[in-house]
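Student: The chain contents come next:
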Amino acid sequence: MSDEEHHFESKADAGASKTYPQQAGTIRKNGHIVIKGRPCKVVEVSTSKTGKHGHAKCHFVAIDIFNGKKLEDIVPSSHNCDVPHVNRTDYQLIDISEDGFVSLLTENGNTKDDLRLPTDDNLLTQIKDGFGEGKDLVVTVMTAMGEEQICALKDIGPK
Amino acid sequence: MAQEPTSSEQICGAAAWIIREGMKITAHSALCVFKRQPRGENEWFMNRPVSKTHGAAAWIIVELYNGQMQEHHLLQMLSGIIQWINPPDAVSTAIECGKSESEMLDGCRALLSIATITTPMMFDKLLKSLSPFGTLSLLSTLTCEVVKARVANTTEEETWSYVARDILLDTWTALLVPTVSGRNDALPPEGIHAAAIVFNMIVECELKAASASVFDDEDNSDYQASISAMDQRLSSYALIARAAIDVTVPLLTRLFSERLALLHQGRGTTNPTGTLEELYSLLLITGHVLADEGEGETPLIPEALQAHFVDIVEAEKHPVVVLSCSIIRFAEQSIDPEMRASIFSPRLMEAVIWFLARWSNTYLMPFESRRGNNCISGPDHESQHRSQLSRKALIGFCGEHNQGKLVLDIIVRISMTTLISYPGEKDLQALTCYQLLTVLVRRRNLCVHLVTLDSWRNLANAFANERSLFSLTAPHQRSLAETLARSAIGMGNTEAANQHVRDLVGHMTAYLVDISSKDDLTTVAQQPDAILSVSCLLERLRGAARASQPRTWKAIYEMGFSVMNPLLTLLEIYKHESAVVYLILKFVVNWVDGQISFLEAKDTAVVVNFCMRLLQLYSSHNIGKISLSLSSRLLNEAKTEKYKDLRALLQLLTNLCSKDLVDFSSDSCEAENTDIAQVIYLGLHIVMPLISVDLLKYPKLRHDYFALLSHMFEVYPEKVAQLNAEAFAHLLGTLDYGIHHQASWQVASKDMLHAAKIADTEVVNMCLRALNALASYHYKERGAGKEGLGSHAAGLKDLNGNLQEGVLSRFLKSLLQLLLFEDYSTELVSSAADALLPLILCEQGLYQAIFLNYCSELDKLI
Chain A
1 MSDEEHHFES KADAGASKTY PQQAGTIRKN GHIVIKGRPC KVVEVSTSKT GKHGHAKCHF
61 VAIDIFNGKK LEDIVPSSHN CDVPHVNRTD YQLIDISEDG FVSLLTENGN TKDDLRLPTD
121 DNLLTQIKDG FGEGKDLVVT VMTAMGEEQI CALKDIGPK
Chain B
1 MAQEPTSSEQ ICGAAAWIIR EGMKITAHSA LCVFKRQPRG ENEWFMNRPV SKTHGAAAWI
61 IVELYNGQMQ EHHLLQMLSG IIQWINPPDA VSTAIECGKS ESEMLDGCRA LLSIATITTP
121 MMFDKLLKSL SPFGTLSLLS TLTCEVVKAR VANTTEEETW SYVARDILLD TWTALLVPTV
181 SGRNDALPPE GIHAAAIVFN MIVECELKAA SASVFDDEDN SDYQASISAM DQRLSSYALI
241 ARAAIDVTVP LLTRLFSERL ALLHQGRGTT NPTGTLEELY SLLLITGHVL ADEGEGETPL
301 IPEALQAHFV DIVEAEKHPV VVLSCSIIRF AEQSIDPEMR ASIFSPRLME AVIWFLARWS
361 NTYLMPFESR RGNNCISGPD HESQHRSQLS RKALIGFCGE HNQGKLVLDI IVRISMTTLI
421 SYPGEKDLQA LTCYQLLTVL VRRRNLCVHL VTLDSWRNLA NAFANERSLF SLTAPHQRSL
481 AETLARSAIG MGNTEAANQH VRDLVGHMTA YLVDISSKDD LTTVAQQPDA ILSVSCLLER
541 LRGAARASQP RTWKAIYEMG FSVMNPLLTL LEIYKHESAV VYLILKFVVN WVDGQISFLE
601 AKDTAVVVNF CMRLLQLYSS HNIGKISLSL SSRLLNEAKT EKYKDLRALL QLLTNLCSKD
661 LVDFSSDSCE AENTDIAQVI YLGLHIVMPL ISVDLLKYPK LRHDYFALLS HMFEVYPEKV
721 AQLNAEAFAH LLGTLDYGIH HQASWQVASK DMLHAAKIAD TEVVNMCLRA LNALASYHYK
781 ERGAGKEGLG SHAAGLKDLN GNLQEGVLSR FLKSLLQLLL FEDYSTELVS SAADALLPLI
841 LCEQGLYQAI FLNYCSELDK LI
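Protein chains in written order, with full-length UniProt numbering: chain A, 1 to 159; chain B, 1 to 862.
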């Protein structure tokens with residue numbers, strides 16, 4: 001492969017390529033896909049044909065990575081689907097504000113204060129408890145198609 | 001007192017009477033009744049208005065069950081059920097008009113029972129005492145009726161004809177399946193004719209069903225399920241066809257060419273779907289007739305095909321050759337784009353590829369010396385000689401020195417077509433990758449020719465240097481990489497073979513080295529196109545790693561070595577992308593597995609060091625990490641991903657273990673050798689915190705973990721002693737868990753529950769063996785005046801100054817608790833006893849104390 005093949009354009013600007021076209025047949029379980037404009041994680045793929053001697057199509061069952069809803073889509077295997085650009089970044093959790101925002105420390109030393117806490121009770125409890133016990137927490141923030149949310153917690157303090 | 005009967009007819013008359021009286025038992029059951037009822041205890045007989053003679057007669061059947069008796073008896077049985085199945089057309093019509101099918105089905109079952117204990121000759125002869133035609137003819141006519149009725153049934157339900165067909169096909173199979181020598185398997189001439197008629201009808205009806213099915217709703221069942229579900233039926237068809245090969249092979253050839261002509265005539269005007277489906281059926285049937293599956297072995301050309309056509313000594317005139325060639329020539333047309341578009345639908349192509357895979361495994365460049373030249377002498381010399389020539393013609397027509405290479409080339413080009421010109425057709429491409437191409441590299445003599453073909457070189461080149469094959473789904477790329485790497489065994493020498501592999505994998509390693517050294521990697525890595533490329537390349541590496549062989553291991557070692565650091569970089573970058581992480585881990589597992597036995601000491605140290613860094617890195621990313629999601633489904637998926645990763649890590653440690661067991665390296669210097677045991681324990685120590693009790697509920701993970709643990713304890717008990725207190729406590733804690741824990745199973749069926757419990761027992765067994773090893777080690781060491789498990793066994797003071805009991809006393813109590821008070825399978829008694837003995841020997845005082853305690857408790861109760 002030539003050098004050009006290795007060169008990926010850095011798409012760091014917000015809103016630049018939020019999705020990428022990819023042949024439906026190459027999307028596997030645990031990959032990502034856009035269905036009805038929502039970024040989703042694929043949990044099931046099955047193939048069938050359009051008529052006995054027709055072409056293959058893929059049936060995707062996927063879960064919206066932000067709101068947890070189940071979505072489905074059927075696409076001819078040779079057609080392109082949109083795959084969302086899902087970015088995951090780690091931040092150290094500095095503070096949780098009264099009005100439901102978190103204060104995060106970025107790699108270059110700045111703070112990021114515009115991320116809301118999840119509204120779900122279960123998730124909220126896990127974060128608040130962890131933070132409340134004075135642990136050193138690192139949160140992973142997942143960003144895709146203009147939305148962002150905390151998707152993982154890690155205790156990095158001494159045991 | 002019963003009188004002895006005067007003739008055998010009376011004996012059998014008793015049997016026939018039972019059946020004729022219609023006792024609502026099948027003929028087969030009647031036979032069993034006779035076998036079961038001993039003399040004198042036959043109340044049932046005695047109470048019927050039948051003389052006691054018949055009762056005794058029944059007993060005599062059992063006692064005097066010799067050949068002639070058997071024949072008589074079977075004849076009587078047959079005559080008892082004959083009206084239920086004869087004449088077949090009348091019976092079929094009656095059932096269609098509403099009569100119950102139960103008698104007819106019982107009659108079929110009776111035929112099946114008879115067929116299982118008779119030779120074809122015997123079977124056929126039976127009916128001849130009652131009618132002008134033999135039993136095989138009746139079976140043939142009956143089968144034809146049933147098959148016709150089945151096609152006529154347009155409902156979805158399984159009716160009587162479905163059941164009857166299966167029973168009758170089983171009957172044919174019982175008669176025709178080649179048995180161990182000693183039984184005469186030959187058919188009488190009318191039998192051969194009967195088989196030909198049946199096969200003709202079967203194929204006619206299959207074709208009718210095929211063309212009718214195109215109007216069905218979408219084919220929901222996936223391709224693999226449909227062929228394997230049909231496999232038993234198709235195997236029966238093949239046996240029937242091979243019984244009348246003179247007729248059936250030309251029949252298939254004719255039907256095939258008729259359909260081809262239809263297709264060509266109708267091109268562009270008529271809808272070909274019906275004919276395509278007929279061709280699909282024909283290919284499946286022909287594939288089964290011409291070749292066998294040959295599980296794990298290279299299947300021979302079926303004997304029936306070799307032995308007949310004795311007068312045909314020129315290959316191109318041999319009917320099997322004619323049929324094979326016409327199909328291959330047809331398949332070749334798929335390479336032409338226009339033909340492909342109008343005729344070769346994905347489904348038809350699937351049948352073509354399946355056929356080529358099955359056919360090639362038998363006919364393509366077979367080992368010509370397989371059939372030894374039997375020494376022939378005597379008056380049959382001439383005909384036997386012609387027979388030998390005929391066999392040779394068949395075996396050799398696609399041999400290395402004839403058309404073999406040409407056909408190989410055609411097959412490779414057809415394969416390439418399916419991979420490039422059928423975008424998105426995953427099932428088709430799966431067949432090509434997993435079934436067809438793997439056959440081509442299975443044998444060395446094929447590989448030798450493969451690597452000289454331009455078409456194969458084109459495929460390898462497209463794989464290594466072009467983008468076209470990147471659109472295949474990643475697992476197929478893995479398989480392709482493995483196949484291409486495997487073909488290196490066809491190269492002339494080791495250096496050429498290694499170079500072949502290097503040329504193949506060069507692009508993979510170059511890409512990964514390059515991408516991992518990019519400055520802006522963090523930004524670009526999470527873009528979908530980057531993830532796709534990285535995933536494809538990792539899968540390709542995996543495939544190449546799996547093809548490691550003694551000849552090419554060096555090139556594959558270099559491949560892995562060159563990407564060690566890049567992989568660690570990628571593991572860091574992609575720590576949140578579980579799919580990529582898993583691929584990295586699996587690659588390393590596969591690579592180590594193929595390499596470890598060959599590595600010299602220095603390289604072993606390098607590999608081991610790399611693996612430990614990998615484990616450390618993975619652990620640091622994942623320890624204490626909790627996924628958060630609104631979706632319980634996604635949380636479950638995350639858990640499954642963790643579990644799969646851990647299994648991979650345990651596999652890696654297990655593969656490293658094997659270095660101590662299988663070592664092909666030439667080093668003799670012990671001092672440089674890596675202490676594998678130490679490495680494994682370190683690895684376990686790293687991995688352990690990631691394995692929660694919750695995850696240990698996954699049966700496979702449990703099994704892998706305890707298999708490794710018990711292996712380590714059994715082989716390296718001295719290392720256990722050297723572990724620090726924390727690590728030791730942790731490992732032994734899991735051992736205790738493994739012995740006592742009976743998972744609560746939520747499984748779908750009783751069979752699965754049973755399987756789960758067996759798996760559970762196996763795990764406990766392994767833990768008991770580990771315990772045995774540990775305790776035995778300590779006992780023997782102490783006996784020799786040494787430390788053994790040292791402070792672990794003696795007990796130590798913990799941080800608060802309290803004395804923690806030693807591990808052996810703890811386990812003695814724990815094991816006694818299990819054996820006396822808990823539920824366990826009897827399968828465990830032996831290994832539990834083995835473990836108990838050394839524990840008792842080590843802790844005699846404690847053992848006595850425990851039992852004195854039990855006794856005094858019992859005394860209190862009494």
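Any given hint could turn out to be false.
Quick list of in silico lysine-lysine cross-link-like pairs, DSBU-like style, CA-CA up to 35 Å [stated by the list, open to error]: (1) A/K135 to A/K36; (2) B/K99 to A/K69; (3) B/K99 to A/K135; (4) B/K639 to A/K57; (5) B/K644 to A/K128; (6) A/K69 to A/K36; (7) B/K625 to A/K69; (8) B/K392 to A/K29; (9) B/K697 to A/K69; (10) B/K99 to B/K208; (11) A/K128 to B/K148; (12) A/K57 to A/K70; (13) A/K29 to B/K639.
Hints were generated in silico from the structure; no laboratory data involved.
Student: If a hint holds in the structure, say so; if it doesn't, say that too.
Tutor: Comparing the hints with the structure gives:
1. The hinted pair formed by A/K135 and A/K36 fails the criterion: a straight-line CA distance of about 39 Å is larger than 35 Å.
2. A C-alpha spacing of about 54 Å is found between B/K99 and A/K69, which places the hinted pair above 35 Å, so the restraint is violated.
3. Distance hint between B/K99 and A/K135 is unfulfilled; the C-alpha atoms sit about 80 Å from each other, more than 35 Å.
4. Taking the CA atoms of B/K639 and A/K57, the gap is near 29 Å; set against the 35 Å cutoff, the hint holds.
5. About 30 Å separates the Cα atoms of B/K644 and A/K128, which keeps this hinted pair within 35 Å; it holds.
6. Between A/K69 and A/K36 the CA atoms are separated by roughly 12 Å; this keeps the pair inside 35 Å, and the hint holds.
7. With a CA separation close to 24 Å, the supplied pair B/K625 and A/K69 stays within the 35 Å bound.
8. At most 35 Å may separate the alpha-carbon atoms for a hinted pair to count; B/K392 and A/K29 exceed this at roughly 50 Å.
9. Annotation: proposed proximity of B/K697 to A/K69 holds, straight-line Cα distance about 28 Å (limit 35 Å).
10. For the proposed pair B/K99 and B/K208, the alpha carbon gap of about 26 Å is at most 35 Å, so the pair holds.
11. About 72 Å separates the Cα atoms of A/K128 and B/K148, which puts this hinted pair outside 35 Å; it is violated.
12. About 20 Å separates the Cα atoms of A/K57 and A/K70, which keeps this hinted pair within 35 Å; it holds.
13. For a cut-off of 35 Å, the pair hint linking A/K29 to B/K639 stands: about 15 Å separates their Cα positions.
When each numbered hint is compared with the structure, violations occur for hints 1, 2, 3, 8 and 11.
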